[in-house]
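> Take a look at the letters that make up each chain.
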Amino acid sequence: MASQQILFSPAELAYLHRSLSLKPPIRPDGRAPTQFRPLTAETGILPGTNGSARVHFSDGTEAIVGVKAEIEKTIEAPRAEESKPESNEAASERTRGDWLELAVEIPGQRDDEASTVFLSEMLREALLADKEFAKKLFINRRFHWRLYLDVLLISPPLSYPLPLLSLTTHLALLATRLPRLKSEGDEDPMFDDDWEASTFLYPQEGTATNGSRPPITLLVVAIGDNVIFDPAKEELAVAETALAVSVAEVRRAQKAGDMEVDSKGRELSLLSIRTIDPPSRLTPPGVPHTSNTGSSAFAPTKLQKAGDQETEGVWKAPLGGTKFGVLDGIIQAVLEKGGVADEVLDGLEGVELS
Amino acid sequence: MAAVDDIPSTALPGKVLGPTSRFAPGAGTHIFEGNVVSSLMGRVTIIPPAKAPGPAKRLNKITAPTVEELATITVSRHGSKHEILPDVDNIVLARVVRLMPRQAIVVIQQVGETVLQTEWQGVIRVQDVRATEKDKVKIYESFKPGDIVRAQVISLGDQANYYLSTASNELGVIMAISEAGNDMVPVSWKEYKDAETGISEPRKVAKPS
Amino acid sequence: MADRRRVNGPGGITVPPIYEAEDLPLPDRSRQPNGIRAQYLKTGVTPSASGSAYLEIEPQNGSVSKGMKLTCTVHGPRSLPRSAPFSPHMVLSTHVKFAPFATRQRRGYLRDSSERDLSTHLETALRGALIADRWPKSGVDVIVTIIEGDQARQVAVEQGIEEWDMMNVLGGCITVAAAALADAGIDCVDTVSGGVAALVPGKDGEEPVMVLDPVPSEHEEILAACCVAYLPSRDEITNLWLKGSLSSDANLQRMLIARAVHASKGSSQAVAASLTEAALAG
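Residue numbers (the UniProt record's numbering), protein chains in the order written: chain A, 1 to 354; chain B, 1 to 209; chain C, 1 to 282.
Using 35 Å as the maximum straight-line C-alpha spacing, the simulated DSBU-like pairs for lysine-lysine come out as follows:
#1 C:LYS203 to A:LYS135
#2 A:LYS337 to C:LYS203
#3 A:LYS136 to C:LYS97
#4 A:LYS337 to C:LYS265
Examples of chain C residues toward chain A, derived with CB under 7 Å:
#5 SER113
#6 ARG116
#7 ASP117
#8 THR120
#9 ARG127
#10 ASP133
#11 GLU236
#12 THR238
#13 ASN239
#14 LEU240
#15 TRP241
#16 GLY244
#17 ARG254
These are computed hints drawn from the structure, not numbers from a lab. Computed from a prediction, not measured in an experiment: that's the story for all the values here. The C-beta atom is built at its ideal place from N, Cα and C for all residues, glycine as well.
Chain A extracted, bound-state conformation (with noise of 0.2 Å):
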């Protein structure tokens, strides 16, 4: 994310900056402080996966997200010999995070880049939070689902592509299907060949779809004291802070059909929260370098006040961190009950499954 280039006068980062403060704040796009942009879905593209999912953001970015799953036999601990025979339930415990592979591929960025492995990292971070992920992988004591998840961004990296990767992994986890299990207890697998007889990895109906769902990552940035929501590029050149915040819905014991009546009822757990680094801090200020304290031989001379003090409409790259109750303030508006997670996981529930 730091190597990505702002090309942004100081002129026009003060200009943002300031219809960002605003109250209500003014978006260079039009859009309302927690509107998305419109995206377009679609599900199951790819047939040589489990599942798959692309969206199109209106800006013009396009990512794909393809599911593909293996089986591996488990690794035993190396304490295997205890004698007492572990129940399921307590074997399916002792699943791991790293049945899941997760790859980012940005084009134009080398795929061990620190911000590629950084937004890898986060996404797998928000599936494996809960621990409920790398459960459903479990098959028997012997073998598990292998999962693999390769993330493609399929246009140039216009915005920072958080939220565009996060809710196309989100779409193609609902979408993936893994074949019917025919065998039991701790044989060796056998599955229907049939795919229609194929689950669902988070099944649609029935009592299974209690538990959590996939998650989504929101990106969110504080300018001024306002909180935005999915920021274009040019918000974020001039956020003071940007937060990538991951929530997932958790499903309770509740009579089928119900969600649709009460769809304001979600329950939304918070997964993960991460900082991240705000491209504000490298851009140009508008006044020009008066003074250096740092070359201490004439420095003393030159006094810097005019160069730390802030000057009404000139642009200053932020400096420090942020306060705590912004932070708060951004976490509540993201988990916030009818709030914008909750309209943007009604948009994908929207998306046809195929």
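For chain A, the structure is supplied; the task is to place chains B and C on it using the hints.
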């Protein structure tokens, strides 16, 4: 100053040193919420305002009240090297490394009185060599690789180079070695002479101080 | 017929050594929930670097925790490579590396994804504290090496622990890097320090409790954890990393962040005491 007593002798980054109404920030400090705050680890030095009041003059003109009467606080580490950067208007000493028709590439080695730990590359463009008759300047008649040049920083420049200028009498080559390999002495504003061989070489000579 | 010309391997099969499980009872946390481990910090340990620091987190008596040892070196400010574009600020690059022997599982010499992830976190934490426009056109490298990670051999087998250890490591990295930056004489708005807090299940099925500076192996399970980089005198947070499953109860995550800030205040006191000593000496 009466207010000096409550200033700590050492400071860490983030330590509040005093309000801006009483102190001016010097090296190693910054301003935060109306206070001068240390931004380095080291000892605190207070430099009293450099004013020479002298005998009180009769007021014969109206002057704006100056801000210069504040004591300056600086934080620096004693006895340890402190890296500094060349800045605009600084006088630097640089060694010429390469000549090109339009510019000379130099390496900055000293800023003011401070010898640098790292080498910074600078460039003296042909139009910055001297103040007059700029159109007649030839780089090859002004510098040679290996010369030590006193120059002034005029810009932080581009990605690679600081932009330097020698357009002043005091600026230019201060040390040069002849083609025969001997030290030379300046003989005029545009010539150095090898004392042993007696051959003169053209240079942009700095006025000896 | 046996091959006599070559040095043959043993005739029978070999098995990799399996260490006898030292069946220690799962150690409990002996500290108070709001107590952090003692820290030792020393600056100026690497003479060739512009600034350096060494941080040691005390191992606990009777605990499986082996403490943590980290060093940080700061190189710079120095000129940027010729290919780098003009920057009006100091360009910060951070590298976090585990020594190959730092953890139970041997680390390779190439940085793996968790190390890269940590360095991104560290970069965010430090960038908020640096006054980067004092040093235009220059770069600074911050290199943190974890000499000894906080992992005991016998307990890390349990899965999931490693992930939580990362938070502790990051907290240490932030603290040690801030001290090294101060030693290097690079302008910062404040001495940033790291702190970790975690939500662990209570004993005997009680309500979950929050602990400061958690040692993952001392707890059966960690429900959620939070690592902050905190500027004590400005009361600001430069980096926040929280993960785990928290219910929608808003107070829980608010409390967790507040506890992590509390932990970082504790370690900042230790850092301040040691840095003041160094400032007086130097």
